[in-house]
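Visitor: Sequence:
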Amino acid sequence: MTLHNPQIAELFNRYAVLLEIKGDNPFRVRAYRNAARTIENLPRDVAAMLGEGDDLTELPGIGDDLAHKIADIVSTERFADFEKLKKQFPPGLADLTEVPGIGPKRIKLLHQKLKIDSLAALTEAARKGRLRGVPGFGAKMEAGILRVAEKHAAGEKRFRLSVAEMVAEPYVRFLRRIKGVRQVTLAGSFRRRRDTVGDLDILVTAVPHASVADRFVTYGEVSEVLANGPTKASVRLKSGIQVDLRVVASRSYGAALVYFTGSKAHNITLRTMGQRRGLKINEYGVFKKDKWIAGRTEKDVYEQLGLPYIEPELRENQGEIEAAAIGKLPKLVTLADIKGDLHAHTEASDGSATLEDMAHAARSRGYEYLAISDHSKYIGVTHGLDPARLAAQARKIERLNAKFENFRILRSTEVDILPDGSLALPDSALKPLDLVIGAVHSKFDLSARQQTERIIRAMDNRYVNIIAHPFGRLIGEREPYALDIERLMKAARERGCFLELNAQPSRLDLSDIHCRMAKKLGLKLAISTDAHTAETLDYMRFGIDQARRGWLEPDDVLNTRGLKELLRLLKRD
DNA sequence: GCCGTTTTCGGCCCGACTGTTTTCAGTCG
22 MTLHNPQIAE LFNRYAVLLE IKGDNPFRVR AYRNAARTIE NLPRDVAAML
72 GEGDDLTELP GIGDDLAHKI ADIVSTERFA DFEKLKKQFP PGLADLTEVP
122 GIGPKRIKLL HQKLKIDSLA ALTEAARKGR LRGVPGFGAK MEAGILRVAE
172 KHAAGEKRFR LSVAEMVAEP YVRFLRRIKG VRQVTLAGSF RRRRDTVGDL
222 DILVTAVPHA SVADRFVTYG EVSEVLANGP TKASVRLKSG IQVDLRVVAS
272 RSYGAALVYF TGSKAHNITL RTMGQRRGLK INEYGVFKKD KWIAGRTEKD
322 VYEQLGLPYI EPELRENQGE IEAAAIGKLP KLVTLADIKG DLHAHTEASD
372 GSATLEDMAH AARSRGYEYL AISDHSKYIG VTHGLDPARL AAQARKIERL
422 NAKFENFRIL RSTEVDILPD GSLALPDSAL KPLDLVIGAV HSKFDLSARQ
472 QTERIIRAMD NRYVNIIAHP FGRLIGEREP YALDIERLMK AARERGCFLE
522 LNAQPSRLDL SDIHCRMAKK LGLKLAISTD AHTAETLDYM RFGIDQARRG
572 WLEPDDVLNT RGLKELLRLL KRD
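The numbering used here runs 21 ahead of the 1-based position in the first sequence.
Keep in mind that the hints were calculated from the coordinates and are not lab data. Ideal Cβ placement from N, Cα and C applies to all residues, glycine included. Wrong hints could be hidden among the right ones.
[Claimed, not checked] The list that follows gives simulated cross-link-like pairs (lysine-lysine, DSBU-like), each with its CA atoms no further than 35 angstroms apart:
hint, residue 1, residue 2
1, Lys108, Lys360
2, Lys545, Lys511
3, Lys200, Lys105
4, Lys301, Lys352
5, Lys107, Lys126
6, Lys452, Lys417
7, Lys178, Lys105
8, Lys178, Lys253
9, Lys285, Lys43
10, Lys452, Lys585
11, Lys360, Lys200
12, Lys360, Lys312
13, Lys511, Lys360
14, Lys417, Lys592
15, Lys129, Lys178
16, Lys107, Lys43
17, Lys43, Lys178
18, Lys352, Lys545
19, Lys352, Lys126
20, Lys424, Lys464
21, Lys285, Lys178
22, Lys108, Lys161
23, Lys541, Lys452
24, Lys349, Lys511
25, Lys511, Lys585
26, Lys511, Lys464
[What the hints assert, rightly or not] Ranges between beta-carbon positions, derived for each pair:
hint, residue 1, residue 2, range
27, Arg272, Gln28, 26 to 34 angstroms
28, Lys178, Gly154, 30 to 38 angstroms
29, Ile314, Asp559, 39 to 47 angstroms
Please put together the full structure from these sequences, using the hints given.
Guide: If you want it as structure tokens, here you go:
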């Protein structure tokens, strides 16, 4: 069991918390957090990189010292510094950072004065009124701690992007109706289109004294007001989601949007760049010796740093600023580049629309093609097609196609990959199809090696073209299964196969990080909706979001090709 | 602990809100 990127990042983050409580150099703490973020977002496993002799110090935020530590962690599967430091503190102490309003300084204070070393001890002390004697702790703090104790694990919940949209849109409409409000823009990770968001950030420009924040907190869905100042407010909604508001004047709109869109790491890099040019950048604008010189639009802010506009989806401080500086930003794929959908279901299996309805919906979206890929007959899938029904469907598709001009339904199937890597349909059933999608819907608990080899074996079948939702994750419900994704991608490339970016907002599988990995490996991806109804063909935009976050350009995506070129690419030697 | 179009040493983004303070530290984003 080797340690992978997420575990190494977690070790650094937990180490940073302890360093902070210890009162270590805050910049050292930040260095560990930066390194953790770098590792977390790396398109390749550090263990694999080390195996191939890559120099980790070339990664942002990783110098000689951390490179050595990472190598040690990978080879020993232990983080010695962390284990040593951990011994100096009670095991539950770091959990206290979960309580809002309690940070490293207060944790240290509580531990010294009251020997509080866990969430349980903290709530016990609050209940008995023992916190009152500690400087900085009053009635409000005590009540807040008890409230957290009641809800307990209420925090840390993230929401799917599609869910966040449903919460955000009516709130935005509510804010637009407030007198004096000019622009209302959703920022934060929502605007960067992360697959999940922890909270919503809303930026408002308004005339002076429009008292937007005071109205903001009166929204009907608000369950708790966390903060309410003249230009800034935070609430928690009944749905559990936190919403932060920021109000600025129009001339600060661009600067505030950069600030509020983040990511935090992207902003820090921009501001540091500004410093070197003698500029101060904050949410109100770009300043030269206290003189405002820009900030009305985002473009103006980047321009002051000698940079072109950077798309929000790229703002993760993962090389986008360096790429911008040398004019090498990717020209990101857009919804308009998509020429068709390569994975959709009908009522023949578990979909709800007819073949005709799906074709009509695809044509009305301007597509040149739509693959109908109903499930194969296999356990766990209702109404899967056996060879006879699949052949009958293909004949029906041919009859329909005869009526279309400039549009074609592609005969396909989403065939189950059995635990041993064989397929749930015989070759004779696959051969006549335009494309075959292989998918895993069972035996999620294989080892990474077994699961990888199972899927590679499926790709050894010369009729298989695309592997659907490669990790099988359901966001917030089911973890991705173990998989050696780099090996799988290389195997796909060698065989002339492709992997899918499933655009269902509950899947988004492959993820943004894996999109970037595929691009680096020269593997094209299919962005497919897996639609089970006509309307959900619109989920394509969620797939596009993640592809853009993964730096994909039109050329990196299979279904940006016209029909003729697509069929040529699908042909396996 | 990282990093360099001022620097291999001495910096490290910047500002708002809260609670409890009698002028601001701590926390958060």
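Visitor: Which constraints among the numbered hints does this structure fail? Numbers only, ascending.
Guide: Hint check: 1, 3, 11, 12, 19, 20, 27 fail, others pass.
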